[in-house]
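Q: Residue numbers (the numbering used here), protein chains in the order written: chain H, 1060 to 1226; chain L, 144 to 446.
Incorrect hints may appear among the rest.
[As the list claims (entries may be wrong)] Just a few of them, taken from the derived set where beta-carbon distance is under 7 Å, the chain H residues facing chain L:
no.	residue
1	V1089
2	V1090
3	Y1122
4	D1125
5	E1131
These are calculated hints, taken from the structure and not from any lab test.
Ideal Cβ positions, reconstructed from N, Cα and C, are used throughout, including at glycine.
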Amino acid sequence: MSENVSHQFDRLPATDDDREVAGRPSREAVVDWWVDRFDVPEDTFDGYTLWEKGKGKVWALPYDLDGPVPVEALGLKLLRTRQEHWKPTTDAVQRFGREAEQNVIVLDDERAKRFVAGEEQEVEWDGDWGYLVVAHELAGGVEPIGVGLYTYGDLKSMVPKGHRRDL
Amino acid sequence: MDALSRYEPIIDDFAAFLDACERPLPTTVRVNPIKATPDRAVEALGEAGVGVERRDWHPGVLEVDTDKPGNTWPYVHGWIHGQEEVSSVPPAVLSPESGDVVWDACAAPGGKTTQLAAEIDDEGLVVANDDNLGRLSALRGNCDRLGVTSAAVTNGDARRTTLDAFPNVDAFDHALVDAPCTCEGTIRKNPDALEGAGASASRNLAALQSDILSRAVELTREGGTVVYSTCTFAPEENEGVVDTVLDEGACRLVEFDTGLDSVEGLTEWDGESYDDSLAEARRYYPHHNDTGGFFTAKLEVTA
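Just chain L, same shape as in the assembly (with noise of 0.2 Å):
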């Protein structure tokens, strides 16, 4: 837990912030749209044996009292799909409309991408990409499993994506950027995740995260919304990220509440100050939701 140490000003109730990280997940599923509804979902989980609390911020994500979800008809079915709670909030958060044309600029393994598609009612164009070509078969069997059929999986770096390979395609509608980044926030399901962390790592990270960032604000229309998110704590790939696009000055920062308990976005840390409206931006920690680690900042394209 070194690695976390340098959080400690910015965290409340630090000592509570870290029993949470020690403490294993509790298991948690997203019903898929597509093909059920929250209420059918909890009656085959409970024909299954399987009992199940509903979390009252999204009627989709739902905690089950089994280790293994994966063995049952709701899941054979694609009726649900195991995500971690706060991996729902980012496209809830951006929450397009049906026929619209998103872009998941780093999708695999799919579990966000799936919930995008069932964002638009599975109507319209949800472009997954994802650069890692292994990564690629877990996001395409999500999709499938869960019958979606709106994605347009591509394999190509996000940072030089174009528009090309879709011809009638001038701009998309909105994106999510759920970045490649040190994953602090999922110590609770791996106890690994702390090997390499620390600020040295996020700031290599942290020019990757910002071009990316970047090319989805180029590729979406002017009022359209953009995404940021990952699964770390670390203010240099979080709101350093987000401050460094704004000052390209293509967008701004949008305010929004998911219904978690999440605090503000830092405006200044280790002697940096970033741009006033990061406030805006979200931190979820472990200790709030009982969930893992996660930040996001919605921005809408200005120009």
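Same shape as in the complex, but just chain H (with noise of 0.2 Å):
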């Protein structure tokens, strides 16, 4: 098995048996995971290719290219695999989890404005524990702001330092 190489980005292998480097990710496991999680449209990554640059980052790129590639970043960087809860980034909810029909919690007003300045809060939910798309309406429609983790009646805001705002 080849190894993880942490300053290039490597293609991730379209399934489980095409794998070379332990621990990867397939591109197949992390399409169902967005799928299986957030119930996003089965197409949602079909104009993209799938990479792994460090351990487990896995960023999405809309052009078809060999790898491995040696740059900064490439593409958007989807979701952090390699432990035991998959988690995905703040910039791709925001931009992937639109279509989301499932674990997606919408917050009012007051509500997201505490959720974006970084603030815990207590919060009802029926649904599954974990990683959740944490939405507000805006403008005439749903619109994600970023990633929550809820467990035990409390969500948590994982919106990072640097983008914490209060507005």
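Reassemble the complex: the two chains are provided individually, in unrelated frames, and hints are given to aid placement.
A: And the structure:
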């Protein structure tokens, strides 16, 4: 088996059977995860190639390249794998979470502001525990703000410190 | 403003020009069509109590009546990006299409990179390079917030860029060289902009600028477009640089119109004469559109 090389992007194998780097997620597993967790349309990532740089950081690029690609960034970081619970990024949830049908919590205006300020808050939620798409109503539509971690009645804001805002 | 006095012979209504240079800039944002339409962004800004004035020449450029557009929901969602109005000109002039491979040679902090990604409908590849590692984090942050998926960020000297990192790419379809410059045209937002400006500083930068532009022409396929831009008035860094690269014989200047008021590029300056076609380049002055100063030239690669 080959090794993960930290300074370059490698294409994900199509399926687990094609895997050459131990622990690397397959394209199929990543796409299935988004569909299973958030019920996004099956074809959400059809036009994208998927890549790993660093252990478990998965990126999406709307262009067909062979790897490896030794650059600083390649596309948009989708999620982190190689840990017990896969964790989507704020940027990916904003970009691809709009069509999510499941594990989406829509906050009212006051709670949405507390969420983007980084606050943890008690909320009623009878869906799954774990990482949720946290959204609110804006300009006539529901818009994802970021990722929340829901456990024991608490919604923890996963908005990165630099992105937090007092609105 | 002494550094500007040498431009008196070439700028109409020089007093109005100097007056405009002393006024602060209007605050403008560019709507990010990867995430929102201009209508929806205007509606969301209205909900936040921010008044908006649209610009006729570009549907995505908005003047906003706040100093802090960053403290609004549309910013948090990556629907808008703080960008000076005239900075939106070069990507609009380059106008690449969906699926294209575009090189942004001097990309940080990424306003134009994200606009290029939007121009290709975020389908294709925008190779966004900058030589300054510190500025790359701003570039990456802006690409991420705006939800850009089509950017590949590289850190290198644009003069020596190769396509080696991208084995499937033979040539760029288009390139933007928004060159490092003396930034005289940013005086309205940066009062220190004229420190160190002047003819000798401009001559010193010209060699770097023409080397980068020359490399962009080399890496772009025949028939592809290269846009060269700066935010300075200095002819040495503008027409002089394009003239040097035209002499190499691999490109020609192309006419364009953005809808903003502008004047022709110069064909002579300070005893030098430039190729007649430099009249096809455009100069944007602060007193014409109430913007910063800018220079833009559009080149077609011929060989």
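Q: Indicate, hint by hint, whether the structure satisfies it.
A: Hint check:
| no. | hint | verdict |
| --- | --- | --- |
| 1 | V1089 | 14 Å, violated |
| 2 | V1090 | 15 Å, violated |
| 3 | Y1122 | 4 Å, holds |
| 4 | D1125 | 5 Å, holds |
| 5 | E1131 | 4 Å, holds |
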